[in-house]
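There are 2 protein chains.
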Amino acid sequence: MELAELTPDSEAYLGQLGYLTLVMFENLGRAAAVSPTMSGKSRVGRVAAGTLDVHERVLAELRALKLDPAAAMEPYRSGLDDFQRRTQGDDWYETLISCYLTSGFLLDFFVRLAPGLPDKLAKRMAEILRPEGEDHPLVDELRESIDRTPQIASRLAMWGRRLIGDTMLIARSTLNLESQSDGKERVEPVFTELIAAHTRRMDGLGLTA
Amino acid sequence: MELAELTPDSEAYLGQLGYLTLVMFENLGRAAAVSPTMSGKSRVGRVAAGTLDVHERVLAELRALKLDPAAAMEPYRSGLDDFQRRTQGDDWYETLISCYLTSGFLLDFFVRLAPGLPDKLAKRMAEILRPEGEDHPLVDELRESIDRTPQIASRLAMWGRRLIGDTMLIARSTLNLESQSDGKERVEPVFTELIAAHTRRMDGLGLTA
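As you go down the protein sequences, you meet chains A and B in turn. Under the working numbering, read the first sequence as residues 43 to 251, first letter to last. Under the working numbering, read the second sequence as residues 43 to 251, first letter to last.
With the rest of the complex left out, here is chain A:
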């Protein structure tokens, strides 16, 4: 059972990803504004530039399909705005780790859905969503933050566990499921690898997932 068997149609895929990247950009802007360090601001800026590049290219794909980007994104607005409120965090540390963990999970998720799109679009999406490298700029910033204030590690570990629940729910709402009950059985196994990757991200920061 591959995640790509549950890929929604191109408009839904691109509309959700288009709005998600806007939400990610807003979260990164908020993180930059509260960053206690210059390196934090700059690294967050670098990630935001990459996120906005994905956003622009997703919008270009919608236009190439003769679809209006704003109209394609609109149906996913309230769900993603709600997700944003639940996951944005209360301070620099929580906001920063949310940016890293939720976008890590969700971009990975959209990468794995891409093979279910029409062939040429699938190929372009794989190119647009290059999987994150080992040297993600936010990892260094998070490690430095945790080193400076080790007492925050347990709070961030708890926050990271809470985030994964909300993130899986929003990912699940993207899938093309025949029925809710049917979906529940079919979906859980396909999240296994995504959850394992989340656990590796937490481990990499020295946090218990």
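Some clues are possibly wrong.
In this list, chains with the same sequence are indistinguishable; a pair is considered to hold if it fits within one copy or across any two.
To be verified - Quick list of in silico lysine to any residue cross-link-like pairs, SDA-like style, CA-CA up to 25 angstroms:
#1 K165 <-> S215
#2 K162 <-> D208
#3 K165 <-> A91
#4 K108 <-> D177
#5 K165 <-> L236
#6 K162 <-> A239
#7 K108 <-> H178
#8 K108 <-> S81
#9 K108 <-> P179
#10 K108 <-> M80
#11 K108 <-> D245
#12 K108 <-> L48
#13 K165 <-> G248
#14 K108 <-> D51
#15 K162 <-> A106
#16 K165 <-> P192
#17 K162 <-> L109
#18 K165 <-> P78
#19 K108 <-> V232
Hints listed in this document are in silico derivations from the structure and should not be mistaken for laboratory results.
Once you've looked at the hints, dock chain B against the given chain A.
Chain B only, in chain A's frame:
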């Protein structure tokens, strides 16, 4: 008397512009988060992508000079953070018009300072800071916002006049002046064209400067 006769050294020019573009990115992120329209979010995202592109290229110029970007930006942090607090605005309309007017003025200002840099850097900066076109994405959004709620026009006109004072002060602090009193006389005429451009931006929105 040309503005370029008052251009600071390359490190100061690039450090200030590097931090300014980060502040602009944060303001755009905040604007996107409070945008009442999908078109607003998307247009703000497009401007932020361009701003972060300038930021990355400015940082690359600092690295090419064997300078540490964070260290080069640090001296301008508190002044620009204070400028940001004074100009960020209280709602979508004020934040949006601040993004448009303050960045319009300050990027124009850095364009006019560029010829005072060493030759090759001057040429590259002219390329990096392409002057804003007539079709700035925020202009359409602002016009639509003002059309929808015409009663905000007088508040925005007042806000726009207040912004120009803070913006000129921060621009002035960038200049390489021999003494404060000397500076005052020499500087005022060189701001004339920048102020005229500000007035044209206000006029273009139907606001009295």
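Do the hints match the structure? See the list:
| no. | hint | in the structure |
| --- | --- | --- |
| 1 | K165 <-> S215 | within (24 angstroms within a copy, 50 angstroms between copies) |
| 2 | K162 <-> D208 | neither (32 angstroms within a copy, 51 angstroms between copies) |
| 3 | K165 <-> A91 | both (22 angstroms within a copy, 24 angstroms between copies) |
| 4 | K108 <-> D177 | between (37 angstroms within a copy, 22 angstroms between copies) |
| 5 | K165 <-> L236 | within (21 angstroms within a copy, 47 angstroms between copies) |
| 6 | K162 <-> A239 | neither (27 angstroms within a copy, 46 angstroms between copies) |
| 7 | K108 <-> H178 | between (34 angstroms within a copy, 23 angstroms between copies) |
| 8 | K108 <-> S81 | between (41 angstroms within a copy, 17 angstroms between copies) |
| 9 | K108 <-> P179 | between (35 angstroms within a copy, 21 angstroms between copies) |
| 10 | K108 <-> M80 | between (42 angstroms within a copy, 18 angstroms between copies) |
| 11 | K108 <-> D245 | neither (43 angstroms within a copy, 35 angstroms between copies) |
| 12 | K108 <-> L48 | within (24 angstroms within a copy, 50 angstroms between copies) |
| 13 | K165 <-> G248 | neither (35 angstroms within a copy, 46 angstroms between copies) |
| 14 | K108 <-> D51 | within (15 angstroms within a copy, 49 angstroms between copies) |
| 15 | K162 <-> A106 | within (12 angstroms within a copy, 39 angstroms between copies) |
| 16 | K165 <-> P192 | neither (43 angstroms within a copy, 47 angstroms between copies) |
| 17 | K162 <-> L109 | within (17 angstroms within a copy, 44 angstroms between copies) |
| 18 | K165 <-> P78 | neither (40 angstroms within a copy, 34 angstroms between copies) |
| 19 | K108 <-> V232 | neither (32 angstroms within a copy, 48 angstroms between copies) |
Going down the numbered hints, you'll see the structure goes against 2, 6, 11, 13, 16, 18 and 19, while the others check out.
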